[in-house]
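So the sequences go chain by chain: A and B.
When we follow my numbering, the leftmost residue of the first sequence carries the number 1, and every step to the right adds one.
When we follow my numbering, the leftmost residue of the second sequence carries the number 1, and every step to the right adds one.
Don't read these hints as lab results, they were simulated from the structure.
Treat the hints with care, since some could be wrong.
[To be verified] Computed footprint of chain A on chain B, listed as stretches where at least three residues anywhere in the stretch have a Cβ under 8 Å from a Cβ of chain A: (1) 14-23; (2) 47-60; (3) 102-116; (4) 122-128; (5) 135-149.
We put the CB at the ideal spot given by N, CA and C, even for glycine.
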Amino acid sequence: MIPEKLRVVGRGIPKVDGPELVTGRAKFTGDLKFPGMLYGVARRAEIPAGRIRSIDGSEALRIPGVKAMLTAEDMPGPNIIGIFPPFDQPVLASREVRYEGESLALVVADSREAAKRGAAAVRVEIDPWEPVLEIDAALKPDSRKIHPGGNITFSKKLIKGDVEEGFAEAEVVVENTYCTSFQEHAYLEPETVAAVPGGDGRVTVYASCQSPFHIRGHIAANLNLPASRVKVVQAYTGGSFGGKDDVATEIGCLAAAAAVKLHAPVMIAHERGESIIGSNLRHAARIHYRTGSLKDGTLLAREARIYLDGGAYASESPFVTMKALIHAAGPYNVPNVLVECTAVYTNKTYCGAFRGFGVPQVTFASESQLDELAGKLNMDPLQLRRSNGLRAGQATATGQIFERSVGLLQTIDRIAEHRGKAPAAAAFPRAAGQKRWLYGRGCACLLQGISNGAEGIDVVGASVQVSQDGSALVGVGLTDMGQGSRTVFAQIAAEVLGLTLDRITVRQVDTDSVHDSGPTVASRSTTVGGMAVYKAAVEVKTSLLKMASLMFKCGEDRLRLEENFAVLTDNPETRIPLKEVATAAYWTGFPLMHLAFSRAPDAKFDHETHQGDIYIAYNFGTHLMDVRIDRLTGRVEVLRHLAAHDIGRAINPVGVEGQVEGGALMGFGLAHLERIEHEGGRIQNANFADYALPSIKDRLPTETIIVEDPNPTGPFGAKGIGEPPVAGTAAAFANAVAAATGVRFTRLPIRREDILAALEAQQANNSS
Amino acid sequence: MLLEFELNGKPTRIEVEPTLRTLDLLREVLGLTGTKEGCGRGECGACTILLDGEAVNSCLLYAAKLQGRKVTTIEGLTTEDGTADGAEGGDPNELHPLQEAFLSEGAVQCGFCTPGMILSAKSLLDRNPDPDVQAIEEALSGNLCRCTGYGKIVRAVQKAARRGGSGGGSGTGGSVRSGSSG
């Protein structure tokens, strides 16, 4: 299936949509203008919990320019959104407030300013309730129920072997509790949609979004329209990272309802503060972890009890629960595993998808445990990981066995080759007050499942259409939010069809013209989406080869397509431009367009124990980080960061580096800088001055190491790389800081002030 | 008020509310949507423009402040350097060396921060054609990017600097993989 010599796949080419982006010509949703366009701004609850008594728009409607106010009663359908069951989130709340950012009404006006003034003028009466804010408070039997079914959103168990037996045999056991904080996606473009009534009974919604088909489905349901009347077009999207899913359905429904009601285009563009309080965050987690091994380091048992604070609505808590459950035991061969994961409702901004889906949280806990164990065993941390690392033919925590593309050990070995000497390792100045700089090295291994896996069916549709001029138009049902999937899809189509990249166009996702391909999540674009493009291109290639064989009067097996020509393999100078082949194919009646489906094999597993085949592949990785810490200020300087990932095959190495470097800094933010601060259920730092987003001065010296252990389920052997670098970086950072300071920090982020306080406490202990 | 200023090399006269934000003047009134709004508070740099060559946040700047001054937006980048008439009908494929370097180095992912980032970099290179890494960090520290991790952005600015701001270039870049096996 894979030709020996690849021409386009494997090359680090610039983004195919790059020229539009660097010139500012690319149209993001907020750049679009429609005649007579109105603007919508939501009135938000501003308190975390309470009974809504009244919403009065009379004053707002008197403001010049204000055209209308919509409340829950104006939603023709069920007024519900949600990605997975339980679908529990109202588009506009009418009875109860469950978090401060909750939208209660939408004010529509002829300018953004008037709409803002109108929203502020809406009079809302709410009887406040004592908010339920913490996991333990939510779980108390007598706690107020945030939803009718209680405060547990979703709870699952994974059982492999017999964990008690494993611990009984263990000679060394480590045990600890780890916490992580809420993280904001902070894509630079806030969420934006524009709904345009078509005059033909249809409504078109342009959206900055991740999953256009989710938006279409929700709009159809909430407007009581057949889905065929709704068209969603993904505009250029300024980052998403999991964040523009639920919230895009919310504002998509609101804008569409207003547009249909007022017969005018309506745009909703969030401001930064709304983007932070009014759209999902990464789940905060509390993880109690226990690991047992023999004295030689052989892992016998791992047990994790995970609680996720999911905020006010289910959103993608079920998905995140599953991912945390499945990945908690790490990329190791462990005979006995027990994991329990429970997502809990609280009266805070809801949590959902965020790059990694719970895996960064559990990887931090799991990899901290490995280092604590290595410390007890007096073993090299990387060696401990290597000796337990998953190999082809061994069972994952779910009992799934991969015979191929299990490149974990290769990533460990590549790190070992590249790591060099630990910085100032000979002189770890643990003794108090001696030297200013503390040096430390940390490593971490991880795995991240590719595809929807156990969380749902995984189907992607892609079309490839070759015109008579020999150029190809590619359509895929998955979105490029900046990660570069358009470029990857173009490379795959170009490789199969023998075209140069300038002859390929990958169009924006438009729900009218491609198959519903589900959400663009779970690092599945390159693997499952790329496979769909591959299959569609192969079908069109069949027509081109058939035509070329008629033109050459020779068998198809003697021909190949390359560089825009059909070429006689034995005599490459004998060639016909593909343009002529395509024209002839058209006039001969050979099909030049194909719609193909890539369907990942269904997950097969036991729903009680989660034993079975979950994902089509895993990305495996190993990270290493060298740091030095200023003991006077707590400042951490990252001296070295190696990130090795087994990605099967790099379709575009520059794109891979971009995902690794960007994901790494996001993981560094999670581990060191970023934390959404709540007080009484209200977010205190909903802006970029107070929320510490990494700046250029915080960037990491990340070196990407690509390991290619081909994946039989991906195009040209590829596996996804979008999510995995986050987890590896965060966990390696925590271990590096622990190595430098001698203090095991169990809560992320580990901020400068935390380090300083711990060092001072350490010094006080030592001197007393 | 009647506002007269130079926009991307062209004299511009327009009646505006003096309290209009420059960002809204550019985007809403003049249709130059390459300048982006990321926070509206001067904290992210997505709305960066050049005012008499200096990088400023257009979300914090009243339009009245433009009186008699020279404004460059991403649409006018190539015009300003005389390499092409980027804003109006010149060769749309002509790129400024910074744009080309951002593209070839992979310094662009979603592209929303890119226009502001490029303008901050231009302001730097116009003042300091051979900046060290620290100078690049200083100049771009007000421009947030959530996608790239910034490493490739620094390399792109260095690459453009090496080309000395001259037009064109081969665009052969793209980095190579750092390692491979299997």
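Verification of the supplied hints:
| no. | hint | verdict |
| --- | --- | --- |
| 1 | 14-23 | violated (count 0) |
| 2 | 47-60 | violated (count 0) |
| 3 | 102-116 | holds (count 12) |
| 4 | 122-128 | violated (count 0) |
| 5 | 135-149 | holds (count 11) |
Violated hints, listed in ascending order, are 1, 2, 4; each of the other numbered hints is respected by the structure.
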